[in-house]
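Protein chains in written order, with my numbering: chain A, 1 to 245; chain B, 1 to 158.
By construction, these hints were calculated from the structure, which means they are not laboratory data.
Since we're looking at a predicted model, the values are computed, not measured.
Backbone N, C-alpha and C fix where the C-beta goes; we use that ideal spot for every residue, glycine too.
Treat the hints with caution; some may be incorrect.
As the list claims (entries may be wrong) - Chain A is nowhere near these chain B residues, computed Cβ spacing over 10 angstroms in every case:
1) L77
2) W87
3) A134
4) F142
5) A151
Unchecked claim - Sample of chain A residues at the chain B side, in silico, Cβ under 10 angstroms:
6) A168
7) C215
8) I235
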Amino acid sequence: MTVAETANAQDRNASEDDLAQRHLRVFRFKRGDDAARYDSFDVPAGEPETVLEALRWIQLHRDPSLALRHSCLHASCGTCGLRVNGRETLACVTRLDDLFGTITVEPLANLPVVNDLVVDMQPFVERFPSTHPIVRDSEFLPQANPPDGVDAYERFEDCIECGICLSACPVAATDDTYVGPAALAYAQRLLEEPRGVDREAILAWADGDNAAWRCHAAFECTEACPSNVRPAQRIMALRRELRAR
Amino acid sequence: MSDRVDDHPGSGGPSSDHDLEAIRAARGVAGPVQRKGIGPVAWFDVRRRGAGHLAFSLNRITGLGLVFYLYLHLAVLSMLLGGASSWSSFLRVATLPAFLGLDVLLIFGLLVHGLNGLRVALVGSGYAPDRQKALYWSLMVFGGILLLGAAIHIVGSA
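The shape of chain A in the complex, shown without the other chains (with noise of 0.2 angstroms):
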């Protein structure tokens, strides 16, 4: 019997309060381990209120061992970004009232797990062009005085950068060469507000193989985005501008 069995089952002999109870499927993997698995957490009804609560509960009561990612607790940062009954989320905004039944956690897809609900990000920023980083040099006003280090970079309006879209994307489910919506929305925004970058560099990697035109318009980059980036309407923007050349 797994830790976490022990416990679900010293629960069930527990008082009747802790009947009301909410049952999670996790998802596990470690590094080393031969297949992933599911494990399953009875959490405590009305207690844990969002996903992330409920994980970080489990982390507290029942299995340290349990991997996530998270930080700052309101959608801002996009580092706990993950699938909840299938559906890709920020699990510090996924209220556990609005699901119903077992609740499913599972990591994003289409990115390398590196431990249980943690997957690399390497990949998907590597989609970004490399001719224009993620990051790029700022234009802080020269009296605004930032802090030493923060003007050297400045990060892509909306775009939290939390890869749900990569994971919601249909195409990018069979196809890693695909950029993604991400990274063609971020070019499509430097086309918006150029800023001094080289357009034809980026229309050029637009227009790659692998790029724009790899879109076949489903719109769950958009369903997904929980920053509201419109991916999607940022790709057939860029169409457009590709078509205008």
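On the provided structure of chain A, position chain B as indicated by the hints.
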């Protein structure tokens, strides 16, 4: 009593469950990539997905079906090389009600694929990318009306 896992027997943490040497050996090796299905199966899982994904799935299915039909059509036409008798015997089969049902299925595939292609072309050209769902369902309703008319015509002419 606290119900922290530390208080339960046998909760030795991750190091007791895993061979650290194996973990070190595996370090640097990419983990498994989770997919929503095995290969192209992922295209067709429309559970909890939007209209766009349904359109994508149907486009793939009908696309494959139409490619299959193209080769079937060429094979059927090659029967003409066998003379009038072989073609006449094929026509007797082709006018059976079950075969006419396949004609309706073919028109279904053509309409779904063609009209969704129109949606993709329109949103890709900047027409109503924010209304793509409404556009899709409108085209599908239009296609349904056309399919109904075609089915009535085919069955009526049988």
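* To do: List in ascending order the numbers of the hints, as given earlier, that are violated by the structure.
  => Violated hints: none at all, because every hint is consistent with the structure.
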